[in-house]
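Enquirer: Sequence:
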Amino acid sequence: QEPEVVDLAECLIGMGARIAGAGSNRIEIEGVERLHGHAHAVLPDRIETGTFLIAAAITGGRVIARNARASTLDAVLDKLEQAGAAISTGPDWIALDMAGRRPRAVDVATAPYPAFPTDMQAQLMALDCVAEGAAVITETI
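Note that the sequence shown covers residues 23 to 163 in our numbering.
Incorrect hints may have been included.
Using C-beta positions, here's what the derived DEER-type ranges look like [said to hold, decoys possible]:
(1) Thr140 with Gly38: 30 to 40 Å
(2) Leu57 with Asp100: 36 to 46 Å
(3) Glu50 with Trp115: 28 to 38 Å
(4) Gly112 with Asp141: 21 to 31 Å
Because the hints were derived from the structure by calculation, they are not lab data.
Fair warning: this is a prediction, and the values are worked out from it, not measured in the lab.
All C-beta atoms, glycine included, are put in the ideal place defined by N, C-alpha and C.
Model the full assembly from the supplied sequences, consistent with the hints where possible.
Expert: So, in C-alpha coordinates, the structure goes:
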(Lines of atoms letter the chains of each structure in order from A and count residues from 1; the text may use other names and numbers.)
(Lines give C-alpha, C1' and ligand atoms only; values in the text may rest on other atoms or scores of the structure.)
Protein backbone atom coordinates (compact mmCIF):
# COMPACT_ATOMS: atom_id res chain seq x y z
CA GLN A 1 0.00 0.00 0.00
CA GLU A 2 3.02 2.26 0.24
CA PRO A 3 3.38 4.82 -2.56
CA GLU A 4 6.75 3.43 -3.62
CA VAL A 5 5.15 0.04 -4.36
CA VAL A 6 2.43 1.71 -6.43
CA ASP A 7 5.06 3.76 -8.28
CA LEU A 8 7.10 0.65 -9.09
CA ALA A 9 3.98 -1.16 -10.31
CA GLU A 10 3.09 1.80 -12.54
CA CYS A 11 6.59 1.73 -14.02
CA LEU A 12 6.46 -2.01 -14.65
CA ILE A 13 2.97 -1.74 -16.18
CA GLY A 14 4.37 0.92 -18.50
CA MET A 15 7.04 -1.60 -19.49
CA GLY A 16 4.38 -4.20 -20.33
CA ALA A 17 3.94 -6.04 -17.03
CA ARG A 18 0.51 -7.28 -16.02
CA ILE A 19 -0.03 -6.18 -12.42
CA ALA A 20 -3.31 -5.75 -10.57
CA GLY A 21 -3.97 -4.53 -7.04
CA ALA A 22 -1.10 -2.07 -6.61
CA GLY A 23 -2.05 0.13 -3.67
CA SER A 24 -4.03 -2.62 -1.96
CA ASN A 25 -2.96 -5.37 0.42
CA ARG A 26 -3.00 -7.94 -2.42
CA ILE A 27 -0.99 -7.61 -5.62
CA GLU A 28 -1.42 -10.06 -8.51
CA ILE A 29 1.27 -10.37 -11.16
CA GLU A 30 0.79 -12.32 -14.38
CA GLY A 31 3.97 -13.30 -16.15
CA VAL A 32 4.71 -11.84 -19.57
CA GLU A 33 7.15 -12.95 -22.25
CA ARG A 34 9.26 -9.79 -21.94
CA LEU A 35 9.25 -6.17 -20.82
CA HIS A 36 10.07 -3.19 -23.02
CA GLY A 37 11.61 0.22 -22.42
CA HIS A 38 9.60 2.95 -20.74
CA ALA A 39 10.30 6.50 -19.54
CA HIS A 40 9.29 6.90 -15.89
CA ALA A 41 9.81 9.69 -13.35
CA VAL A 42 10.52 8.01 -10.01
CA LEU A 43 8.43 9.11 -7.04
CA PRO A 44 10.34 11.53 -4.77
CA ASP A 45 11.74 9.88 -1.64
CA ARG A 46 9.34 10.75 1.20
CA ILE A 47 11.73 9.60 3.94
CA GLU A 48 14.54 11.79 2.60
CA THR A 49 12.15 14.73 2.31
CA GLY A 50 10.81 14.18 5.82
CA THR A 51 14.36 13.96 7.19
CA PHE A 52 15.29 17.37 5.75
CA LEU A 53 12.05 18.90 7.06
CA ILE A 54 12.63 17.56 10.57
CA ALA A 55 16.28 18.70 10.50
CA ALA A 56 15.13 22.25 9.75
CA ALA A 57 12.53 22.06 12.53
CA ILE A 58 15.17 20.89 15.03
CA THR A 59 17.31 23.94 14.27
CA GLY A 60 14.40 26.38 14.39
CA GLY A 61 15.13 27.13 10.75
CA ARG A 62 13.41 26.97 7.42
CA VAL A 63 13.77 24.90 4.29
CA ILE A 64 12.13 24.36 0.94
CA ALA A 65 12.19 20.74 -0.22
CA ARG A 66 11.93 20.64 -4.00
CA ASN A 67 10.89 17.61 -6.04
CA ALA A 68 8.75 16.59 -3.08
CA ARG A 69 5.21 15.25 -2.99
CA ALA A 70 3.26 16.47 0.05
CA SER A 71 0.47 13.95 -0.54
CA THR A 72 2.82 11.13 0.52
CA LEU A 73 3.78 12.89 3.78
CA ASP A 74 0.46 13.84 5.38
CA ALA A 75 1.22 12.16 8.72
CA VAL A 76 4.73 13.66 8.92
CA LEU A 77 3.53 17.15 8.00
CA ASP A 78 0.77 16.89 10.62
CA LYS A 79 3.34 16.10 13.33
CA LEU A 80 5.57 18.97 12.19
CA GLU A 81 2.64 21.39 12.40
CA GLN A 82 1.92 20.07 15.91
CA ALA A 83 5.58 20.81 16.71
CA GLY A 84 5.02 24.43 15.70
CA ALA A 85 6.16 24.48 12.07
CA ALA A 86 4.46 26.60 9.45
CA ILE A 87 4.06 24.33 6.43
CA SER A 88 3.17 25.36 2.90
CA THR A 89 3.08 23.16 -0.17
CA GLY A 90 2.96 23.35 -3.93
CA PRO A 91 2.70 20.80 -6.71
CA ASP A 92 6.33 19.66 -6.27
CA TRP A 93 7.64 21.39 -3.15
CA ILE A 94 7.16 21.61 0.62
CA ALA A 95 8.28 24.60 2.70
CA LEU A 96 8.79 24.52 6.46
CA ASP A 97 9.47 27.56 8.63
CA MET A 98 10.03 27.45 12.39
CA ALA A 99 10.69 31.24 12.50
CA GLY A 100 13.54 30.69 14.96
CA ARG A 101 11.27 28.94 17.47
CA ARG A 102 12.14 25.83 19.39
CA PRO A 103 9.84 22.92 18.44
CA ARG A 104 7.17 21.53 20.77
CA ALA A 105 7.41 17.84 21.69
CA VAL A 106 4.89 15.63 19.88
CA ASP A 107 3.60 12.14 20.58
CA VAL A 108 3.54 9.67 17.71
CA ALA A 109 2.68 6.05 17.02
CA THR A 110 4.12 4.46 13.91
CA ALA A 111 1.86 2.43 11.63
CA PRO A 112 1.66 1.34 8.00
CA TYR A 113 1.14 3.96 5.29
CA PRO A 114 -0.61 6.40 5.25
CA ALA A 115 0.10 6.71 8.99
CA PHE A 116 3.40 7.92 10.46
CA PRO A 117 6.24 5.84 8.92
CA THR A 118 8.48 3.76 11.14
CA ASP A 119 11.46 4.96 9.07
CA MET A 120 10.81 8.52 10.33
CA GLN A 121 10.60 7.54 14.00
CA ALA A 122 14.29 8.16 14.77
CA GLN A 123 14.20 11.62 13.18
CA LEU A 124 11.12 12.60 15.20
CA MET A 125 12.82 11.27 18.34
CA ALA A 126 15.75 13.62 17.67
CA LEU A 127 13.28 16.51 17.35
CA ASP A 128 11.59 15.52 20.62
CA CYS A 129 14.99 15.47 22.36
CA VAL A 130 15.47 19.21 21.76
CA ALA A 131 11.80 20.20 21.94
CA GLU A 132 9.87 21.93 24.70
CA GLY A 133 7.87 19.43 26.73
CA ALA A 134 7.76 15.65 26.83
CA ALA A 135 6.56 13.14 24.27
CA VAL A 136 5.87 9.44 23.88
CA ILE A 137 6.87 7.55 20.74
CA THR A 138 5.18 4.20 20.19
CA GLU A 139 6.70 1.84 17.64
CA THR A 140 4.11 -0.60 16.28
CA ILE A 141 5.86 -2.04 13.22
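Enquirer: Does the structure break any of the earlier hints, and which numbers would those be?
Expert: Per hint list: zero violations.
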